[in-house]
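One-letter residues, chain by chain:
Number of protein chains: 2
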Amino acid sequence: MVDSPMLRALELAKQAALAREVPVGAVIVSSDGAVICEAHNRIVELKDPTAHAEILAIREAGEILGSERLMGCHLYVTLEPCTMCAGAISLARLARVYFGCLDPKGGGVEHGACFFDQPTCHHKPDVYGGLYEEESAQLLKDFFADKRG
Amino acid sequence: MVDSPMLRALELAKQAALAREVPVGAVIVSSDGAVICEAHNRIVELKDPTAHAEILAIREAGEILGSERLMGCHLYVTLEPCTMCAGAISLARLARVYFGCLDPKGGGVEHGACFFDQPTCHHKPDVYGGLYEEESAQLLKDFFADKRG
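One line per chain: the protein sequences are A and B, in this order.
Position 56 of the first sequence, counting from 1, maps to 55 under numbering that gives the first Met the number 0, and the rest follow consecutively.
Position 85 of the second sequence, counting from 1, maps to 84 under numbering that gives the first Met the number 0, and the rest follow consecutively.
To be clear, the hints were calculated from the coordinates, so they are not data collected in a lab.
Take the hints with a grain of salt, since some may be wrong.
Claimed, not checked - Here are the simulated lysine-lysine pairs, BS3-like style, with alpha carbons at most 27 Å apart:
id	chain 1	residue 1	chain 2	residue 2
1	B	K104	A	K46
2	B	K13	A	K146
3	B	K140	A	K46
4	A	K123	B	K13
5	A	K123	B	K146
6	A	K146	A	K123
7	B	K123	B	K146
8	B	K104	B	K146
9	B	K13	B	K146
10	B	K13	B	K140
11	A	K123	B	K104
To be verified - Label-pair ranges, simulated between beta-carbon atoms:
id	chain 1	residue 1	chain 2	residue 2	range
12	A	V126	B	G65	44 to 50 Å
13	B	S3	A	S66	32 to 38 Å
14	B	D125	A	G65	35 to 41 Å
15	A	K140	B	M70	24 to 30 Å
16	A	P103	B	G71	39 to 45 Å
17	A	E133	B	Q137	35 to 41 Å
Quick reminder that beta carbons are idealized off the backbone N, C-alpha and C, glycines included.
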């Protein structure tokens, strides 16, 4: 059941790369697995430093569901969320987060702020890392190799 | 020079309370003190858990300035930014953050994640806390007393 949204998130990450955005994709599904919305990074396009895939998906899900609390929903994202996104995930009350590869430089879940383990985090989702880890990481490697090339 | 944007942020926080949003206001100014944009919390109105005053102001400033990097700009906000907003402030490359009262329960600058002090934080703004601290705190106290009353 977790494969299909994660494969879709990988597709979205590829679309991001084609648009010259850092390739990260995200999908939000309800607790019964129905896709609610999807997004990829659009930072450069929107001139918006907050336009990470997770933030765009959370905002759209709130609009679709008519609530700022996405109770019971699950987020799939190809990269470990950064600190900003970890904060947003907690505020959105997402029940679960599935992510692809780790981000030692910028991650906020398993690295640095480790936000979900902080006393200032008032909702901690269940976290499942490492889904399609190699595929997620390869997209990022290819993107940055191209940029430098 | 710092009084005027902070007084305006307090006015915006009062407007938030009238709209039944948690009273937090924010103003972004350029390095020469010109106001670029302003916002208050709109979480309930927009059904968006990320619609904190800081995030809305950062998004609007990026649009106005035509860049996802708000180099040299200063943010004024009536409450210590949460972890999500601290992350966004860093990603936006804001040069300075002035804030009102501390937020021991949810702050991400002086509490919990203390994000600007993390190795995963790649841009650390100068931070000045405690501006109009009592006024900022009183607005929040009144709002939550009203809600409980």
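To see whether the hints hold, each was checked on the structure:
Distance check on the hinted pair: K104 of chain B and K46 of chain A sit about 32 Å apart at the alpha-carbon level, beyond 27 Å; violated. In summary, the hint linking K13 of chain B to K146 of chain A is not supported, as the alpha carbons are separated by about 46 Å, beyond the 27 Å threshold. Annotation: proposed proximity of K140 of chain B to K46 of chain A is violated, straight-line Cα distance about 36 Å (limit 27 Å). Of the pairs offered as hints, the one joining K123 of chain A and K13 of chain B is violated, with about 31 Å between alpha carbons and a cut-off of 27 Å exceeded.
In summary, the hint linking K123 of chain A to K146 of chain B is supported, as the alpha carbons are separated by about 25 Å, within the 27 Å threshold. Restraint check for K146 of chain A and K123 of chain A: the C-alpha separation of about 36 Å exceeds 27 Å, so the hint is violated. For the hint pairing K123 of chain B with K146 of chain B, the CA-to-CA distance comes to about 36 Å; that exceeds 27 Å, so the pair is violated. For the proposed pair K104 of chain B and K146 of chain B, the alpha carbon gap of about 18 Å is at most 27 Å, so the pair holds.
Taking the CA atoms of K13 of chain B and K146 of chain B, the gap is about 15 Å. The hint holds against a cut of 27 Å. Only pairs whose Cα atoms come within 27 Å are accepted, and K13 of chain B paired with K140 of chain B is accepted, the gap being roughly 12 Å. Proximity of K123 of chain A to K104 of chain B is assessed by CA-CA distance (about 15 Å); at most 27 Å being required, the pair is judged to hold. Our hint of 44 to 50 Å for V126 of chain A and G65 of chain B is violated, since their Cβ atoms are close to 36 Å apart.
For the pair S3 of chain B and S66 of chain A, the supplied restraint of 32 to 38 Å holds, since their beta-carbon distance comes to about 37 Å. In this structure, D125 of chain B and G65 of chain A meet the distance hint of 35 to 41 Å, their C-beta atoms being roughly 40 Å apart. The supplied range of 24 to 30 Å is met by K140 of chain A and M70 of chain B, whose beta-carbon atoms lie about 28 Å from each other. A hinted range of 39 to 45 Å is violated for the C-beta pair P103 of chain A and G71 of chain B, which are about 30 Å apart.
For E133 of chain A and Q137 of chain B, the Cβ-Cβ distance of about 53 Å falls outside the hinted range of 35 to 41 Å, so the restraint is violated.
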